[in-house]
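Visitor: Between the sequences and the hints, there should be enough to build the whole structure, so can you do that?
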Amino acid sequence: VSQSDWAYISNDLIYVALALYALSFLSYTYETAFSLRANKISGDKHLDRSITTKSRKVASIVFLLATASLTLAVIARGISAERIPLGNMYEYSITGAMTFALAYLIIGLKFDLSWLGLPSSILILLILGSAITLLYRPSAPLVPALQSSWLVIHVSSAILSGGIFLLSNTVAGAYLWLDRIERKGERGEFAKRLPSLESLDQLSYRLVAFVFPLWTFAVISGAIWAEAAWGRYWGWDPKETWSFITWILFASYLHARVTAGWKGRKAAWLCLIAGSSYLFNYVYINVWGSGRHTYSGL
Amino acid sequence: MRTALILLLLLGIASIPGSIFPQRTQSPLKVREYFDDDPAGAKWLDRFYLFDVYGSPWFSAIYLLLFISLVGCVLPRSFHYFKEIFKAPPEAPSLLNTMEGFQVSPASLERAEAWLKKNRFRISKTGDSIAAEKGYLRETGNLLFHLSLIVVLLGIAGSSVFGMRGEAIVNVGERFINTPTNYDNLTPGRFFSLGSLPTFTIRVDNFSATYDRKTTQALDYELKVTTKESLDSSEVNQIVKVNKPLTFGSTRVYLQANGYSPLVTVRDSEGLVKFEGPVPFLPQDSNLSSIGAIKVPDMEPQIGFVSSFFPTAARDEVRGGFSTFPDLLDPRLLLSVWKGDLKMDDGVPQSIYRIDTTDMERIGLWALSIGESYSFEVGSITFNGVVPWVNLQVVSDPGKQYALIGSILAITGLLISLFIRQRRIWVREVGGKLEIAGLALNKLPGLEDEIGKMIQELGDQK
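Residue numbers (the working numbering), protein chains in the order written: chain X, 1 to 298; chain Y, 1001 to 1462.
It cannot be assumed that every hint is accurate.
In silico PhoX-like pairs for lysine-lysine, Cα to Cα no more than 25 Å straight-line [claimed, not checked]: (1) Lys192(X) with Lys54(X); (2) Lys1117(Y) with Lys1453(Y); (3) Lys1241(Y) with Lys1214(Y); (4) Lys266(X) with Lys1443(Y); (5) Lys1295(Y) with Lys1343(Y); (6) Lys1443(Y) with Lys110(X); (7) Lys192(X) with Lys57(X); (8) Lys192(X) with Lys263(X); (9) Lys1443(Y) with Lys263(X); (10) Lys1030(Y) with Lys1043(Y); (11) Lys1453(Y) with Lys110(X); (12) Lys1433(Y) with Lys1117(Y).
Think of the hints as simulated: they come from the structure by calculation, not from any bench. Here the structure is a predicted model, which means the values were calculated and not measured.
Guide: This is how it looks when you write it as structure tokens:
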């Protein structure tokens, strides 16, 4: 199998993953819709609910298969270019989507995250879809500035942090939405199936506390690499500036929680603001910004 | 504490405009474009230092205030933490059943004390109750994190005050001696003395760039040099790459950019050589289309060649001449010949890539391949060949070790303070039974399980 064959295999696997995620998304939607309807007419206690359990099971198995296909696609992309697939925004996006999916699955072993299946599959579909249509670049060798072992260390820690920040933001978003519902009155049929506000609040905090040191490491390893490649460890390049801002915002979030005792709504908003600065850094600075972090088109 | 946090947030907000407006230190050309497009607006922006955000007085002010406030907040806190580390846990609150993990056990107080001791809690006993605490390391981590932030800030300040950076364009075959006059541009820190530049020399022996034929993307840059630490030390052959700088003590030399220097000979009408040598041209795009200026002040009248160089030349109606590949496949030198006053004697520094042609007259226009000559009114020019040049960036950054050590300590402190569980457990004997409850100081989960385990083990011992 030649290198370009591997690139084609990778592309095909991405399409397979897209199809499977779409399927998983549909089963999650079906499950949600069915159980909502079932609950509405649930005066009848003998209603057969096996179909919801079944579709939930199908959805999570298909999600698992989709993630396997995506992981293989990322590996095949790496083989085709003979390096870690983090050389441009397309590769960063598919690897990021994979990290997000894997984080969801792994954390799901400990906490019940199946309620997050629907939003997670939508997010992954969006990331992968935009990657393959808008950001796609043919597999190519690295430019000299990226030929360093720091690429693996720096970029993978940045992307892992991003995946988990995104997850914590999804949880914080769910918190805010449920909080609004609860303030208006009772939870509806759909919302009833989601975890308590308290546990969402805790989960989102724990994810940030877990990943913040990794993000700090991503920034520091970037500085060490910049010293070797560009002759300075910090130069206020737009990407550096925004990773600094992201760091400050998440640091404030942790501080606010631990020392000032923030929790609930205020904390969730701060978490969302901090997370969007990561997203802004990723999307805006890469696509419309300038600076030294822009390589090979995107 | 709050002040420091607000200042930190403020520093974050203050750094945003620097990522929106072009910065002089990073892209001076874009700043110039800004001034050309909208002179009035740019002038106003400039008044607020929006093109030099990170060196502006207001940014430095926030930075300094943050530094002062960190010192002012961290140092007293350090004493506090330091005392805290050796302090006994505070006495049990009067109502234990309002605390976390409240449970009742039939065991005796002595047994509870033994259990706490065995599990290495720090204990203080008063009458019928015990207060115990564990995980003091967390405060140490907290302290370490904040103290190392000060080290990082000091390191950054040290870099800009005691360091220097400079750039020099060196043609292949030439030698760079590290003295101030050999730099094309040199920015010493406030307390950097130019006399203390280390006296190394670098001879550029060879530079090779490989490009992907299909995408024209660069695949590899390799610079071969012969270096000498000082004037009388022995020569060493070294290879420099983008991610592999040269190191001389605390000074490092980076390969930052590359381009081409056409080799030309200019003769006057009698055939006397008036100028000979390589002239560095400035690349304009990724295919190394370059512009440059060949100035011959020794001719009468003075002659200047406003030139373009294309390593692989192509031509179309819209763009005129351009280059389709960064390697030397079909090099071509475009010349427009001007006579008149080059204004090199009036003391105003000039760009080496440009000629001010306002008081000059154009007398010729031609394109040359290697080996060809072109004769104009008062002489001739021969295009002999091309040598590559490299841009060496020399950086002395004495603060960087401190910034690095500070960051490593900071991340260690952070890990400790986030993941070490600091918790208190109180035990009180009430009516022959033990009331047990606790407090998780950094809200990490696990306290209730721990108390449960304690109760169980106390029960097992019966």
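Visitor: With reference to the structure, classify each hint as holding or not holding.
Guide: Taking the hints in turn, this is what the structure says about them:
| no. | hint | in the structure |
| --- | --- | --- |
| 1 | Lys192(X) with Lys54(X) | holds (19 Å) |
| 2 | Lys1117(Y) with Lys1453(Y) | holds (15 Å) |
| 3 | Lys1241(Y) with Lys1214(Y) | holds (23 Å) |
| 4 | Lys266(X) with Lys1443(Y) | holds (18 Å) |
| 5 | Lys1295(Y) with Lys1343(Y) | holds (11 Å) |
| 6 | Lys1443(Y) with Lys110(X) | holds (19 Å) |
| 7 | Lys192(X) with Lys57(X) | holds (19 Å) |
| 8 | Lys192(X) with Lys263(X) | holds (22 Å) |
| 9 | Lys1443(Y) with Lys263(X) | holds (12 Å) |
| 10 | Lys1030(Y) with Lys1043(Y) | holds (14 Å) |
| 11 | Lys1453(Y) with Lys110(X) | holds (21 Å) |
| 12 | Lys1433(Y) with Lys1117(Y) | holds (20 Å) |
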